[in-house]
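There are 2 protein chains.
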Amino acid sequence: MHTQWEHRYAQRTQRMKGSAIRELLKLTELPGVISFAGGLPAPDVFPIDEFKRACMTVLEKQGPQSLQYGSSEGYQPLREMIARHTSRQGIAVTADNVMITSGSQQALDLLGKVFINHGDRIIVESPTYLGALQAWNAYGAEYITVESDEYGIVPESLAEALRTSPKFMYVLPNFQNPTGITTSLERRKTLIEMADRYGVPIIEDDPYGQLRYEGEDVPSVCVLDNQIRAQNGVYTGNVIYLSTFSKILAPGLRLAWVIAPADVIRKLVLAKQGADLHTATFNQFVAYEVGHGGFIDQHVLTIRKVYSERRDVMLDALAEHMPAGVKWTHPLGGLFLWVTLPTGMNSSEVFKVAVDKEKVAFVPGFSFFPNGGGENTMRLNFSFSNPETINEVIARLGRVLKSLI
Amino acid sequence: MHTQWEHRYAQRTQRMKGSAIRELLKLTELPGVISFAGGLPAPDVFPIDEFKRACMTVLEKQGPQSLQYGSSEGYQPLREMIARHTSRQGIAVTADNVMITSGSQQALDLLGKVFINHGDRIIVESPTYLGALQAWNAYGAEYITVESDEYGIVPESLAEALRTSPKFMYVLPNFQNPTGITTSLERRKTLIEMADRYGVPIIEDDPYGQLRYEGEDVPSVCVLDNQIRAQNGVYTGNVIYLSTFSKILAPGLRLAWVIAPADVIRKLVLAKQGADLHTATFNQFVAYEVGHGGFIDQHVLTIRKVYSERRDVMLDALAEHMPAGVKWTHPLGGLFLWVTLPTGMNSSEVFKVAVDKEKVAFVPGFSFFPNGGGENTMRLNFSFSNPETINEVIARLGRVLKSLI
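Protein sequences appear in the order of chains A and B. In the working numbering, each residue's number is its place in the first sequence (first place is 1) plus 1. In the working numbering, each residue's number is its place in the second sequence (first place is 1) plus 1.
Since the hints were derived computationally from the structure, they do not count as laboratory data. Do not rely on the hints blindly, as some may be mistaken.
[Stated by the list, open to error] Pairs of lysine-lysine, DSSO-like flavour, derived with a Cα cap of 27 Å:
1. B:Lys53 <-> A:Lys53
2. B:Lys53 <-> A:Lys306
3. A:Lys27 <-> A:Lys306
[Said to hold, decoys possible] Which chain B residues face chain A? A few, computed with CB under 10 Å, are given here:
4. Gln12
5. Lys53
6. Asn138
No residue lacks a Cβ here, since even glycine has one placed at the ideal position from N, Cα and C.
Make a model of the complete structure from these sequences and hints.
Take a look at the structure:
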């Protein structure tokens, strides 16, 4: 159908075009295909009884308020709860430093709206989180990529990138999406010192921080920046920190938060007013009801147990079924594991065969590289499927790879 | 606190600056002030028991799915329900023409993102809905304003505006926000014919269409466009139509929808992926559970009864308490009534005295005029407060005006 709208799209829609990866991922929805492509939490760990209790309590005690319009900043008790939670990690923030967003994706979009001029350079890891690229492409961002190894961003690569006058740097230090790599304490400190030397602020995205299955917690870049530079414990504000309820409660609520200097929060609030007025009041009341008594800390232990087992099952299955020459990361937490095929193999081709012959799917890694590369990589999710399925899928994937190597 | 972010804001944040109206409206939050400023539904009409039932049913029967990630287009059964509802009004649309948004504000933002290049001209009524201006300012929209009278947009004024090569026209034909004016059937037809002659598509915003208290329903511009131009009942697509659950269920759910040609929906879906991934799954399941059996049609009758009485009380109170020279609209539906003071009076000055001396508040009308004007106008909301309060507030406002005239 031809309409008067067709020739009226804004120039920026050119940069929002459906990507190759979207076309590929449609195949994961074919009947019978088991997909390790999504970043889905396991539905078996959603605390349904707790949600029932919370919905009833909220509707019983605060029905009218919970269904009414709310403030763009977010529900004040929830902001205060998040400020307390953050302060316990060692950054003295108040509710004025917290904004509730409709998922972390919205935080990325609003940060793009508030900070990115067309042509601005952003330092990103390569590979990096696809959602950040999707959000910032619309604002005309250019990406300066830095190399990573098993300890995080390589300092030499970062130094070069920092000299390009970037607007900011975007990092995912914990169990990175897509690689599962955790940036070491040493590298975090180096990152902060180098960023400071070049005067480049940092956006730290930490959706999985609480989901560690092995080793000791490493302080977030936001906390470390504060420890290294702050006078008397006040939040320095050079690191904007994002986190979410999606992985520790449920993504279907679309609830996340930004920690930022109060003046940045005020700008984000203006942007949010224009973007969706505010995040659903009811969901914020329910999350507060679920969270304020300490339930989430307990619940995180359950999630860790389940995901940790699934990660181990996947690691064992990979060791058993992968042909020689295939390598993978050993994530200390999070939802994803990253596989590197022998040089010259193309994971998009593998994907087609895997879906066609063995009815299994993953994300071909190239889609996480903003400036190209990664054709021989793939991302596997281990949180969503049960151990039996994980074993089965990795066995099938092994057969596919053996047939192609 | 000085941070590295301060000098890094994007140019567009200049256009998102806190407005004069925001500063004024902060005064409405002072203790003891009764405000007619917001566009709030009455909390007494929220169907709390129905929400309790729906939350329980959803969590009982579809708990894991309702808390999981969902599709950017929206929950398919809800889209189909909205398509059926729309089709009953006389436009043959399918779920492919429907996208769920996080409130109508998000629909406005995504339409801006997808269509507006910096400097694009948009035809708007003057006064018009402030939220549309807030959304589109960020994309650099310029506004061509058209004059309205009690029947809607004046054709002579529209003809002139249509000659400026506008990107699209934005109209609120039912019980307009802020004026409460309903565009007559004749004027709607004229609008469609003129827009067609100049090849200018239309965005129709209809949040209150079901809340009519008097007279016969007039078909939406979207439906009329279809009747006038369509072959065999297929949606022509020249009018993009917005509506919402905020006024017929509850705004705290943040649930609204767009009706648009399928190719526009596809672009909006790409924009939505980057903006917030998708609208809260749980809320969509709950709204479907509440709505699919016909509850909303019944519930709308309750809302109409309550708001209709409040409108009448406000109209009577205005007749009793307003000094000579003050005029107001007689809205046939919706949430708002528009007051015009004698020429030369300034409603922002009135506002300050009203808050200070009588502890009552409203929205000074100038804020709804994108290119200036309206200094002697004000918007009053009649849906939120009970009849006694409405009487009391109008009496106080009458005293303020008498003291200033």
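Notebook entry, point to check: Hey, does the Asn138 (chain B) contact hint survive, CB to chain A under 10 Å?
Noted result: With a minimum Cβ separation of about 7 Å from chain A (threshold 10 Å), the hint on Asn138 (chain B) holds.
Check: Has the given pair, Lys53 (chain B) with Lys306 (chain A), been kept, meaning a C-alpha gap of at most 27 Å?
Finding: Answer violated: Lys53 (chain B) to Lys306 (chain A) is near 32 Å, above 27 Å.
Notebook entry, point to check: Are the Cα atoms of Lys27 (chain A) and Lys306 (chain A) separated by 27 Å or less?
Noted result: violated, 31 Å
Notebook entry, point to check: With a cut-off of 10 Å, does the beta carbon of Lys53 (chain B) approach a beta carbon of chain A closely enough for the hint to hold?
Noted result: Cβ of Lys53 (chain B) sits 5 Å from chain A, so the hint holds.
Next item on the list: Decide if the proposed pair is consistent with the structure: Lys53 (chain B) and Lys53 (chain A), CA atoms, cutoff 27 Å inclusive.
Entry: Status holds; Cα separation ~9 Å.
Next item on the list: Hold the hint about Gln12 (chain B) up to the distance rule: shortest CB distance to chain A must be less than 10 Å.
Entry: This interface hint holds because 6 Å falls under the 10 Å limit.
Comparing the model with each numbered hint stated earlier shows that hints 2, 3 do not hold.
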